[in-house]
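*Asks:* Below, each chain spelled out in residue letters.
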Amino acid sequence: MNICIRCGYCFEGCPIFKEKHWESDGARGKVILSHGLLKGDLEPSNYLAEKIYECTFCKDCVEKCSAHVNVPDILTAARADLVEAGFKYEEHEELLDKIEETGNIFGKELKAPARSGEVPVLLGCRLKERREDAERYLEILEKLGIKPLVVEDETCCGMPQGVLGYKDRLKKQMNEFRKRFPYKDFICMCTTCIFFINKAYPDLNPTYIIEEIYKRLPAHNPKKLGISVTYHDPCNVSRGMNMVREPREILDWIGVELVEMEKHGKETFCCGGGGGLLVTNNELAGKLAKNRLQQALDTGVDTICTLCPTCEFNLFNVSKSNGGKMKVINLLDLIWEALR
Amino acid sequence: MDIQKVLVEIVGEENVRDAFAELYVYGSDASVHQTDKASVVVKPQKIEDIQEIMRYANENRIPVVPRGAGTGTSGQTVPIDGGIVMDLKDMNQILEISPEDIICRVEPGVVNDELNRELKPYGFFFPPTPASGRVCTIGGMIANNASGIRSVKYGATRDSVLGMKVVLANGDLVDLGSKTRVDSAGFQLARLFVGSEGMLGVVVEATLRLAPLPKYRCLAIAKFNRLEDAGKTITNVMSSGASSSMLELMDNIAIKSVNRAFDLGLPDVEAILLFEADGKITAAIDYEMEEIKKICESNNGFGIEMSYDPERRKEIYKGRKNLFASLSRYKEGIVCADLADDMAVPNSKMAATARAIHDIAERNNVIMTAYGHCGSGVVHTKILLNPSSKGQWEDARNAVSEIYEFVDSVGGITSGEHGIGISKAPAWKRARKDLIPVMRSIKKALDPNNILNPHKMMDAPDNWVNATDLRYRIKKK
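From first to last, the protein sequence lines are chains A and B.
Reminder that position 170 of the first sequence reads as 170 in the working numbering, one-by-one numbering, no gaps.
So the working numbering is basically just the index in the second sequence, starting at one, shifted up by 1000.
To be clear, the hints were calculated from the coordinates, so they are not data collected in a lab.
Don't be surprised by glycine CBs; every beta carbon is placed ideally from N, CA and C.
Hints should not be assumed to be uniformly reliable.
Simulated crosslink set (EDC-like; lysine to aspartate or glutamate; CA at most 20 Å straight-line) [as the list claims (entries may be wrong)]: (1) A:Lys-18 <-> B:Glu-1114; (2) B:Lys-1476 <-> A:Asp-41; (3) B:Lys-1318 <-> A:Glu-267; (4) A:Lys-108 <-> A:Asp-153; (5) A:Lys-20 <-> B:Asp-1081; (6) A:Lys-287 <-> B:Glu-1014; (7) A:Lys-171 <-> A:Glu-118; (8) B:Lys-1444 <-> B:Asp-1081; (9) B:Lys-1475 <-> A:Asp-41; (10) B:Lys-1390 <-> A:Asp-41.
Facing chain A, from chain B, some residues (calculated, C-beta under 7 Å) [to be verified]: (11) Ser-1028; (12) Pro-1214; (13) Tyr-1472.
Away from chain A, derived, C-beta distances all over 12 Å, residues of chain B [unchecked claim]: (14) Asp-1029; (15) Lys-1046; (16) Glu-1048; (17) Ala-1185; (18) Arg-1191; (19) Phe-1324; (20) Asn-1386; (21) Asp-1395; (22) Val-1410.
Just chain B, with the same shape it has in the complex (with noise of 0.2 Å):
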């Protein structure tokens, strides 16, 4: 019997798709990466119906992507094997809110905006605050570990996420952490499941740890004329210990790319820094933000502005939530394309960082920008080059590899909120060959057939380049 037919089996006609142009769409994330070699796509409603897929599926041997909304940027969902897309955008029942122990049950398909919408009436909200925050599925948060803008104060999906259940590659199903703020019962299973981008289990339920909303935020832009300083004041404002929601770089590349995309009229300067505090009493928060605006002063920081006001939040923010695919914008014939798109890396290095992404992409005749949740180490560079140049993706692959090869010598990591999937994977290889052996005992012993999300993070090809076929249109010369 083949594939669709016991699928259809399983979940129903309505839920299967396999014509080549549906393979196609679930061949590509918002990475650079393009396939079709899916067979088909499946979207179960239940945890039984994955539970079957997953016997099914180590039965035969076939392999099998679990997907949320798509929205990864290293090519994590891309099913370079073929094989079975499972999109659990259909499993998106929130299952409880309970303010009482300050934690809610939701199915993985859940979209994080639609839970903080939910949660807002109770006084809490799910603190990782993804870009994508609006389509992106908790299940997919989890998956690639996400955070965002606040994690610099409330910490990446891990430290949200106390407990799941999880489909294993046999069609066991396993119940993982709990509903407790402490849990030393045994090995920290759950955990392991956060960042595992598909190829451990399928999370088909996830406890998640809330946190009160604050009363008040208020949020401050503060210009430099030079990167270096907006970088130290980065390092300053953190070693600091004053306690910002938000800490945010943007390069004048950043600038530049809002500014014509949206005439936002950002000043023309090397860099901006955006700095938030939270709480409940604004005494609290104001002695955060002047700490924080003593040190911008300190490093040259100039025309500081800072407001409680929603709407002029929104304002001063606009330009920044709206950075990634500006960024497409900046010059007219170029692209952006989510490549090296977020290293971490220790505090006191962010100066050399930002300076590094520009020297380097100089070289290697490409642009790249430096922006990103800086306060947590992140460092969003993004490449933006002309796609149907095939010189220009050696230049891409050259600046990459730099690009990492900096990121290692200052003791920094490949990916700080994004994962590893399958672009990233061969500097990730690179820079933690002694994980290798572990992290394949770890998916052997799991997963024996390996048919969950193959061939990523570890596995993946040693070339991203042509790991899968590229999704532009490349002239031959």
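Chain A with its partners taken away, still in its complex shape (with noise of 0.2 Å):
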């Protein structure tokens, strides 16, 4: 943390700071309130919890960070720091007894479309859920010519463990998760579980299905679809990633016209739905997906698509409940009607 020389550049981007405009709301806010907590100058507290778990890892304050000063790690961090000091959000509690309980953040009885091929694919908890999704993206590496291996009964991959600061219960989550789906390489439907494993399990080698997509489409002569959207940039694929050429080479191959918003690519701006916020502060995570869908409205289109499941959710919540006016959809939708 000392690395951070406290510029305050990281005030630019940051959607939460966008949005209450307290510096201590903003990147630089909490990493001041991280290096506190360390030091020692600052006691565990309800309000040093709030500031430190509002914040969704979008990375945007990573990117225009000169030093590379991982704010998502330091409140990782920090987040361990007061959970074991007691701070516990009841709603954490919750989602991760659900994990434990069914393996999966729905705390449903849920089943993945198994699939017996050659090539392990890991679905998530999200796509999971969204089995019919889940068998149509299936289809498509299927087109692609990939045999995909679905495990019925995969179990979630400790992304909400790690992110809420639960280091036993990651652990043990992890251990499951190696038990249940024992591939090394393997393709990943999922951004923030490839994301989340990149960075947890080093000896995991998980290839992002988009880029199995992007290897193999153009031979395969998709249909050109002929509509405009607009296109989302998920935080982890874009910065995370680094994916910002593949998914619109891909609409460009399925005749889809892109309309940029100002706000794309690395720059891409948050959906409000990353780093736990959607649990911690729903209503938080609501307004940044509502200032999104707005710069989604103002290119003039009426269809935003993205490739992040848990994006797709907090955007489409989100536009049903402003009068649908935007219509969300998964850019794998788009890639499987052009396949048909």
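With the hints in hand, could you dock these two chains into one complex?
*Replies:* Laid out in structure tokens, this is it:
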């Protein structure tokens, strides 16, 4: 944390700062708070916990920082300290209990659509819950010549435990994940899962589904859909995996006109869905999604497509509750349509 | 009634915070200082709020520290006496853009780059270009007389401020300066408030002079195997009368830092110079650039590349743009501390200054870099040290003291563009003893109860190391 020179350049794009406009709500403020906690200048408190947990881990601050201060990593550590000191959110505990009971964030008895192919594919909780969508996305892989192997009872990768600062529960969940999904090389459908797996499981070698599609799609002559959309770069894809060009080229290949929002690519603007904010402060997560949807509406198109199932979830719900003027879809749906 | 309750009555509950964690965040800026002494943070929404707050604070002798983005590097907004931190970021409206008068009127919380985005369609810009432009506020720029990379051509903030409205310590509102380019009607009071670091009044509105956006910009990079040659080039360029809109130096430490942070592949030479010319026609720009190029070559500059292409210019400039924070990546275990960071020296002393910085660093067991808007005489040093070592802070204190002795000896000044605050105050007070009584008289006349950002600049403690807590965790031994 000493590397942070506190220049404050991370204010510029911080979605929480933009919404709340107090320095303690921006990235630099949270680093200062975490530093104070580490130094012992600040005692753990509910107030402090609120600040430390109100972050979506969108990594705009990391992108803006010339010293590459990793604010999400700092906040993850601070969250772990808070949990250890007993400052826990009931909502977080409930979520993690659900995962322990059912293996997914919904607390439902869910089965992934089993496949007995050759290439292991990890769906992640959100797509496990959207079984029909998952089936379609598996069909994309099949059409592109990949025989998927899907484990029916795959379990959560541990991202929520990690992000919310529950070290012990994370360790347990990671063991469970490896037990049920014992593959080193696999395709991952979920943006959030793959970003987390890349960090937390250095011995695993997942490939993001869009990378496979990008490699194989041109050879399969996809249809031209002839529609116009705007594209929301999920932070884990653009900033986390440095994938800005690929989704855009795919849109071009399938004949979709892309009308960019002002903030796109690595300059993308947060949807509000990350970092556990949906659980910690759903109202704030909704406000951020509303801001992003307005940016999409400003382009003049009526459809926003994205890749991350969490972005999709939050944007969809907020759009729906605000009159549904903006349709929210997954880019994978457009690809499936183009391959039909 | 306690302060918090009074402020809530003035600005509403949503604009007042007094949790300890909050005061801790607002007890810091981009300097080495940290305090938790403030009682409350308030966000006024309009001029009348500020007047009311100042009246109350003045009657009750409560310190008030106005704050923009908190990007100051010398502790200007660190509330060392506690009291009220007045966060002005919510007063961020552009009140008027008048292309006919080539001016705009803004509230203090307007962010520099946002203002320029709004001005662009009119074909104008606000010339001061601080590195923090993406977040710093106009109020903060005025308070510190900020400048930046284009100051060599366009000057500092003081040269672009025509007038302002200021709330004084007693709550009175005064309208200073004018909307005109010339003004000889009485004392130049607007100028007095530029660089006053929030110690004389709260700037609540500013009338800014704009400049036409140049149609073309050409940027070049030149390499030097000797730092002195780069320094001599700067002196020669400035004395040649060549008109550059940017003349920036980066020494080897700066080059290595950005290369490590961004893998830029800048040449591993002792120094590089970036120079730019701008204007309406390329022929005039080409002429200036060729003149500067010749001077570079006559001082052993080589590998000179020039470009009008915006993308290429962005690439060339990327290292310089991201240099400040990158310095923390120079070497494992050391970080960049904002100390002795913006002295200015006469053009003729540039080469000697660049070398002196490195000699002083070596003598004092710290690393110092030399870079900056050298065309304007500004040399950014920064001290790279191990912040958890107590001994390193003593080394830093000695290095800072020595560097300012040198600056003084060559006729330079303590701060070219970042202000004095706390950490530069000891050196500045030593160098400008003659000014202290004059400045104290002015302060007393405008703020008799000494409530506005007290104990900064001429009234700051004599040892910056223990003036406040340092923000780092320092081992006892």
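*Asks:* State for each hint whether it applies.
*Replies:* Quick rundown of the hints versus the structure:
The hinted pair formed by Lys-18 (chain A) and Glu-1114 (chain B) meets the criterion: a straight-line CA distance of about 13 Å does not exceed 20 Å. With a C-alpha separation of about 16 Å, the suggested pairing of Lys-1476 (chain B) with Asp-41 (chain A) holds against the 20 Å cut-off. A C-alpha spacing of about 16 Å is found between Lys-1318 (chain B) and Glu-267 (chain A), which places the hinted pair at or below 20 Å, so the restraint holds. About 12 Å separates the Cα atoms of Lys-108 (chain A) and Asp-153 (chain A), which keeps this hinted pair within 20 Å; it holds.
This hinted pair does not check out: Lys-20 (chain A) and Asp-1081 (chain B) have alpha carbons roughly 27 Å apart, beyond 20 Å. Distance hint between Lys-287 (chain A) and Glu-1014 (chain B) is fulfilled; the C-alpha atoms sit about 17 Å from each other, no more than 20 Å. The straight-line distance between the Cα atoms of Lys-171 (chain A) and Glu-118 (chain A) is roughly 29 Å, outside the 20 Å bound, and the hint therefore fails. Annotation: proposed proximity of Lys-1444 (chain B) to Asp-1081 (chain B) holds, straight-line Cα distance about 17 Å (limit 20 Å).
Between the alpha carbons of Lys-1475 (chain B) and Asp-41 (chain A) the distance comes to roughly 15 Å, so the proposed pair stays at or under 20 Å and holds. Distance restraint check for Lys-1390 (chain B) and Asp-41 (chain A): the Cα-Cα separation of roughly 18 Å lies within the 20 Å cut-off, and the hinted pair is therefore satisfied. Among the interface hints, the one on Ser-1028 (chain B) holds; its C-beta lies about 6 Å from the nearest C-beta in chain A, closer than the 7 Å criterion. A distance limit of 7 Å between C-beta atoms decides the matter here; for Pro-1214 (chain B) the minimum to chain A is near 24 Å, and the interface restraint is violated.
Given hint, Tyr-1472 (chain B) at the interface with chain A, holds; its Cβ is 6 Å from that chain's nearest Cβ, closer than 7 Å. With a minimum CB-CB distance of about 7 Å to chain A, Asp-1029 (chain B) fails to clear the 12 Å threshold, and the non-interface call is violated. Its beta-carbon lying about 15 Å from the closest one in chain A, Lys-1046 (chain B) satisfies the requirement of being farther than 12 Å from that chain. In this structure Glu-1048 (chain B) is separated from chain A by more than 12 Å, as the shortest Cβ-Cβ distance comes to about 20 Å.
At roughly 38 Å, the least C-beta separation between Ala-1185 (chain B) and chain A is larger than 12 Å, which holds for a residue marked as non-interface. A cut-off of 12 Å between C-beta atoms confirms that Arg-1191 (chain B) is not in contact with chain A; the least separation is 27 Å. Listed as a non-interface residue, Phe-1324 (chain B) fails to keep its Cβ farther than 12 Å from every Cβ of chain A; the least gap is roughly 6 Å. With a cut of 12 Å on Cβ distances, Asn-1386 (chain B) falls inside the contact zone with chain A, its closest approach being about 9 Å.
With a cut of 12 Å on Cβ distances, Asp-1395 (chain B) stays outside the contact zone with chain A, its closest approach being about 16 Å. With a least beta-carbon separation of about 28 Å from chain A, Val-1410 (chain B) lies farther than 12 Å from that chain, consistent with its non-interface assignment.
Going through the hint list in order, the structure does not satisfy hints 5, 7, 12, 14, 19 and 20.
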